[in-house]
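> Same order as they appear, the protein sequences are chains V, E and F.
So for the first sequence, my numbering puts the first residue at 9; every next one is plus one.
So for the second sequence, my numbering puts the first residue at 553; every next one is plus one.
So for the third sequence, my numbering puts the first residue at 432; every next one is plus one.
Simulated from the structure, these hints should not be mistaken for laboratory data.
Please note: incorrect hints may appear among the correct ones.
[Unchecked claim] Covered stretches of chain V, as calculated for chain E (at least 3 residues, CB under 8 Å):
1) 35 to 44
2) 259 to 268
[As the list claims (entries may be wrong)] If you anchor each label on the Cβ, the simulated ranges turn out as follows:
3) E/S681 to F/A554: 48 to 58 Å
4) V/L275 to E/V744: 25 to 35 Å
5) F/L560 to E/V633: 56 to 66 Å
[As the list claims (entries may be wrong)] Coverage of chain V stretches by chain F, computed from C-beta distances (three or more under 8 Å per stretch; other residues unrestricted):
6) 71 to 82
7) 138 to 144
8) 151 to 165
9) 175 to 182
Heads up, the beta-carbon is just placed ideally off N, CA and C, and yes, glycines get one too.
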Amino acid sequence: MNFWNRIANVDRRVLYLLLALSVALPLITKPRTTVPVSEAVKGVYDAVEALPAGSVVMISIDYDPSSAPEVQPMLIALLRHSFRRNLRVVVMGHLALGLPLADIALNQVAPEMDKEYGRDYVNLGYRPGSTALMVGIGREFRDYFQTDYRGVPIDSFEFMRRVHNYRDVGLLVSLAHGTVADYWIQYAGGRFNVPIIVGCTGVSAPSMYPYLRAGQIKGILGGLLGAAAYEQLIEHRGSASLGMPAQSWGHGLIIALLIIGNVGFLLSRRKGKK
Amino acid sequence: MLKRNIPLAIVFLTAVLLIIAFFIPHRPFGDLESRFLNWYTIVLGFTMLLGLDSLTRHHLVRIFRRTEGWFYSLLLILALVATVTLGLYSWFRFRSPFALQAPFMWLYTYMIIPLQSTMFASLAFFIVSAAYRAFRVRNFSATLLLIAACLVMIGNVPLGSDIWQGVGRLVHAVVPSVDFGAFSRLEGFAAVKDWLMSIPQAAANRGIAIGLSLGGIAMSLRIILGIERTYMS
Amino acid sequence: MILNIIGTWVAATLTLAILSFLYKDNPLYRAAEHIYVGISAGYAVIYAWSFDVYPMLVERFNTNMTAHNNVEAWILLVPALLGVLMLTRSNLTLPALAALSVLMLVFHSFSWVLVVLAVMCVAVFIPTLIDPKIDWISRWPIAFTVGIGSGLALTASFQGYLLPQVSDTLRPLVNANNIVVFVGVIATLFYFYFSKEHKGALGTVSRVGIVFIMVAFGASFGYTVMARISLLIGRFYFLLHDWLPIIR
Chain V
9 MNFWNRIANV DRRVLYLLLA LSVALPLITK PRTTVPVSEA VKGVYDAVEA
59 LPAGSVVMIS IDYDPSSAPE VQPMLIALLR HSFRRNLRVV VMGHLALGLP
109 LADIALNQVA PEMDKEYGRD YVNLGYRPGS TALMVGIGRE FRDYFQTDYR
159 GVPIDSFEFM RRVHNYRDVG LLVSLAHGTV ADYWIQYAGG RFNVPIIVGC
209 TGVSAPSMYP YLRAGQIKGI LGGLLGAAAY EQLIEHRGSA SLGMPAQSWG
259 HGLIIALLII GNVGFLLSRR KGKK
Chain E
553 MLKRNIPLAI VFLTAVLLII AFFIPHRPFG DLESRFLNWY TIVLGFTMLL
603 GLDSLTRHHL VRIFRRTEGW FYSLLLILAL VATVTLGLYS WFRFRSPFAL
653 QAPFMWLYTY MIIPLQSTMF ASLAFFIVSA AYRAFRVRNF SATLLLIAAC
703 LVMIGNVPLG SDIWQGVGRL VHAVVPSVDF GAFSRLEGFA AVKDWLMSIP
753 QAAANRGIAI GLSLGGIAMS LRIILGIERT YMS
Chain F
432 MILNIIGTWV AATLTLAILS FLYKDNPLYR AAEHIYVGIS AGYAVIYAWS
482 FDVYPMLVER FNTNMTAHNN VEAWILLVPA LLGVLMLTRS NLTLPALAAL
532 SVLMLVFHSF SWVLVVLAVM CVAVFIPTLI DPKIDWISRW PIAFTVGIGS
582 GLALTASFQG YLLPQVSDTL RPLVNANNIV VFVGVIATLF YFYFSKEHKG
632 ALGTVSRVGI VFIMVAFGAS FGYTVMARIS LLIGRFYFLL HDWLPIIR
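Construct the complete structure from the given sequences, taking the supplied hints into account.
This is the structure in C-alpha cells:
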C-alpha cells in the first residue's frame, strides 16, 4: 500500500488523540493571545455603552449546558459590562435546562461588583411559550411573570415597578443556541422595535449576519471568538480568552488534515488516471 | 364533527383572532389575544409531560420482561425517579429547585451539565474524522466550499493573525518600503473572514431564509385554512 | 465542601464515560447515556411544575381569588382542562399529575384549583382506560396550540423577516458590497427555483447562486468547527482544572 493510502487510512483514534493533544496542551501552557475585534462585536459593545445608567437590560437565557462553553463567557462579560455601567439587569429564559446557568453567572459576577439581588438585578425564571411569551410580554410582563424564580412578587423590587413591557427595556439580549434568537428578532424586534443584540453559538452565527446587515440587530457575539473579543473590549480576560489558543491549535490541526487528505486524494487520482 | 370539524374551527378562529389583533390591538381583540397567549403558555407546560408516558412504559416493560439491556432501563427509571424526588424536595424546602443549597442544584451542576456538555463535545472528534476522510475536492463547488471554510477557520483564530504577521515580515524583507506595523494592523485574514461573513455569506443565507420564510407563510396559511391537517394524526 | 468533591468526581466519571465511546461502545457509556435520558425526563417534570403549572395556574388562581377577581381565577380552568385533555395521548401522566396535585394539597398549601386539577385528571383518565381511542379529544388542545402558532408565525414572518430583508436587499447599487448582496440574494433564490429546468439564462444565474451558496456553506462549516472545538475546550478545562488541578 503506498504512502498516501496508508496516510488516508490511519485509524480514526489517532486523529482523536491528535485533537485531544492540540486542545489540552494550550490549556496547560496558557499562551496569551489577542483576537481581532469585528464590527459585529463592536456593535454589541457600543449598544451597551450607549445606555444611560439605570436603564434596563433584559437578558434571555436561551441556551443550555450543551452550548455553555461558548455562550456562558458572553453572559459573564455582559453582566460585568452592564454592572460596570450601573444598568439594571433582568434575566429570563426559554430553555428549561439553561436558567441555572444564569444563576451560576450571577452568583459569580454580582458579589465581585457589589451588586445586590432585587436592587440591581432580578431573575424572573423560565416560562414555556416561546413566541407567545415574546409577543405577550410586549403588552405586560406581569401577564407571565408575577413573581421571580423564587416566588417573590416582582413588584417588591423597586426598579421592576417601572418595567411593564418592551418600552421600558433599553436593550434586549438573546443568548441563544438555536432558533430562539431568530424568534426574538422577528416577534419582539419586528413588532415592538426593541433594540436587540445576539450572543450565539458558532453554528448559529452565520445566520445572524443578514439581520445585522438589515439593521434588525445592533451586534453579534458569534461563538467563542465573539466572547473573547468582547472580553478584550471590556478589558477583563475570562474563559473565552483562555480558550482561544486551544481553538487556534485545533483549527490548525483541522486545516492541516484537510490539506493532507486532499493532497493525497489528488495525487491518488492523478496516479489512477495515468 | 367532534373529531375533525371542531379542531379545524379552533385552528381557524384562534389564528384569525391573532391576525386581527395584530392590526387592531384594542379591545376586545387585544385583550382576547393576551388571554389566549397566556393560555397557550399554560397548555405548553402540560405538553412537556407528554413524552414521559411512552418513555417510562417502554423501559418498564424491558425491566419486567428482562430483555437484553434491562439493567440500563433500570438505571434510567432510577435516575428519573431520583430527579423528580430531589426536585420536588428542593422545591418544597427551598422554594425553588435551583436554590444554591438545594440538592437538585447539585444534580444539575454535577450530572446534567457534564452529561449534556460531553455528549455535544464529542462531536468535535467526529468533525475531525469527517474533515480528514470525507471532505474531498472532487469538483469546483467542493473546492470553493473548502477554500471558504479554510479562510473562515484561519480568520476566526489567533493563528490567522500569526500567519499574517509572518507574511508581513516576509513582505517587509522583500520590499522594505512596506511598513510592517501598518501591514500587521490590516489583519488580512480576519478582514477577509469578516467580509465573507457580512457580504456573500449573508446574501446566500438571506436568499435561503427568504425561501424558507415564504414556505413557512404558505404552510401557516394551509394550516389556518384547514388544507394541512397532519397535526391531527 | 465534601459534596463538591464527590460531585466533581461524579462529573469527571460521567464525562470520561461519555468520551469512552470514542474508543468503542462499552457498558460504561451506555449506562451514562441512559442516566442522562432519565435525568432529562425527570427534569422536564420538575420544570413543568415549578415554572409553568404552579406559577401560571395555581399562584395566579390564588392571587386572583385573594383580590376577589373570581372570574379571572376560575377562567384559568379552561387552559388547565385543555392541558389535561392533551395528556390523553400519554394517559399514564394523568394519574401522576393527579397524585402530584394531591401531594401539593397535603404538604404545601390548599388551593381549589389543585382540587379541580386532580379531579379533572382522574375524570379524564378513567374513560381512557375503558376506551383508549378516546385520545382523539387531544386534537382540541393541539388545534388550539397550532392555531396560536400559525397566527403568530404568519404576521411575524412578514413583518419580522420578509419585509426588512427584502427592503435591505434593494439598496442603491452604488458600491461593490451592495451589488454583491443584491446579486447574491437574487442568484440564490433563482437556484432554488425548480419549476423550470436550469438552462440558458436561468442556468447561468443558478450557477452564480451555487457559488454564493458554497461560500455560505463553507463559512458555516468553519464556524461549526469553532463551535464544536469550543465545547471540547470546555470539557477539557473541567477535567484539567476542576478535577485534576493540572491547569493552575
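> Each of the hints needs a verdict: does it hold here or not?
Hints, one by one, checked against the model:
1. With 4 residues carrying a beta carbon less than 8 Å from a beta carbon of chain E, the stretch 35 to 44 of chain V meets the three-residue requirement, and the given coverage holds.
2. Coverage of the stretch 259 to 268 of chain V by chain E holds [criterion: at least 3 residues with CB-CB distance below 8 Å; count 8].
3. The hinted window of 48 to 58 Å between E/S681 and F/A554 holds, with their beta carbons roughly 55 Å apart.
4. Restraint check, V/L275 to E/V744: a C-beta distance of roughly 28 Å satisfies the suggested window 25 to 35 Å.
5. Here the CB-CB span from F/L560 to E/V633 is close to 24 Å, at odds with the stated 56 to 66 Å.
6. For the stretch 71 to 82 of chain V, the assignment as covered by chain F holds, since 5 residues bring a beta-carbon within under 8 Å of that chain's beta-carbons and 3 suffice.
7. Only when three residues or more bring their CB closer than 8 Å to a CB of chain F does the claim for the stretch 138 to 144 of chain V stand; here the count is 3, and the claim holds.
8. Interface restraint, the stretch 151 to 165 of chain V with chain F: holds (5 residues with C-beta to C-beta distance below 8 Å; minimum three).
9. Counting residues of the stretch 175 to 182 of chain V whose beta-carbon sits less than 8 Å from any beta-carbon of chain F gives 0, not enough to reach three: the coverage restraint is violated.
Hint violations for this structure: numbers 5 and 9, all remaining hints satisfied.
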